[in-house]
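Q: Sequence:
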Amino acid sequence: QGFCEKVCQTFAKHANMVVPKTERGVFTIKHYAGDVKYDVTAFREKNMDSLKDSLKLLLRSSKDPLIASLLPEPEDRRGGKMITVGGTFR
1 QGFCEKVCQT
11 FAKHANMVVP
21 KTERGVFTIK
31 HYAGDVKYDV
41 TAFREKNMDS
51 LKDSLKLLLR
61 SSKDPLIASL
71 LPEPEDRRGG
81 KMITVGGTFR
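Using the numbering used here, the first residue of the sequence shown is number 1, and each one after it goes up by one.
Simulated from the structure, these hints should not be mistaken for lab results.
Watch out, some of these pointers could steer you wrong.
Stated by the list, open to error - Heads up, simulated DSS-like pairs for lysine-lysine below, C-alpha to C-alpha not over 25 Å straight-line:
| hint | residue 1 | residue 2 |
| --- | --- | --- |
| 1 | K56 | K6 |
| 2 | K63 | K52 |
| 3 | K30 | K6 |
| 4 | K13 | K30 |
| 5 | K46 | K56 |
| 6 | K37 | K13 |
| 7 | K21 | K37 |
| 8 | K46 | K6 |
| 9 | K30 | K52 |
| 10 | K46 | K30 |
Construct all of the structure, not just a fragment, from the sequences and the given hints.
A: Structure representation (structure tokens):
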């Protein structure tokens, strides 16, 4: 709930922000194409996208040194932790 409360407090007066009074953990942003309702329930778990090892290896094989250095070597999944997309850039 902390993230949602912070967003709602920070942008409560913004013209494109709708904060419902009866629902907790949700907010709506008015986009040009329509309103989008965001539900922060299990937000972190929903966004834990992991990169395929083949993609990591492909990027690491780049001739461009910057691209090649962006991602760590794929880990052995038997004992290692899976690295998520967001976790890669911490």
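Q: Next pair to validate is K30 with K52; report whether the Cα-Cα distance is within 25 Å.
A: violated, 34 Å
Q: Given the hinted pair K13 and K30, is their alpha-carbon gap at most 25 Å?
A: Holds, at about 13 Å.
Q: Can you confirm whether the C-alpha distance between K37 and K13 stays at or below 25 Å?
A: holds, 17 Å
Q: Are K46 and K6 close enough, with their CA atoms no more than 25 Å apart?
A: With Cα atoms ~19 Å apart, K46 and K6 stay inside 25 Å; holds.
Q: With the threshold set at 25 Å, check whether the alpha-carbon distance from K56 to K6 stays at or below it.
A: Violated, because 34 Å separates the two Cα atoms, which is more than 25 Å.
Q: For a C-alpha distance cap of 25 Å, please report whether K63 and K52 respect it.
A: holds, 20 Å
Q: Between K46 and K56, is the straight-line Cα distance small enough, at 25 Å or below?
A: holds, 21 Å
Q: Take the C-alpha atoms of K46 and K30, compute the straight-line distance between them, and say whether it is at most 25 Å.
A: holds, 22 Å
Q: Straight-line Cα separation of K30 and K6 no greater than 25 Å?
A: holds, 18 Å
Q: Checking one constraint from the list: CA of K21 to CA of K37, max 25 Å. Satisfied?
A: Given that 25 Å is the threshold and the Cα spacing comes to 14 Å, the pair holds.
The earlier numbered hints that this structure contradicts are 1 and 9.
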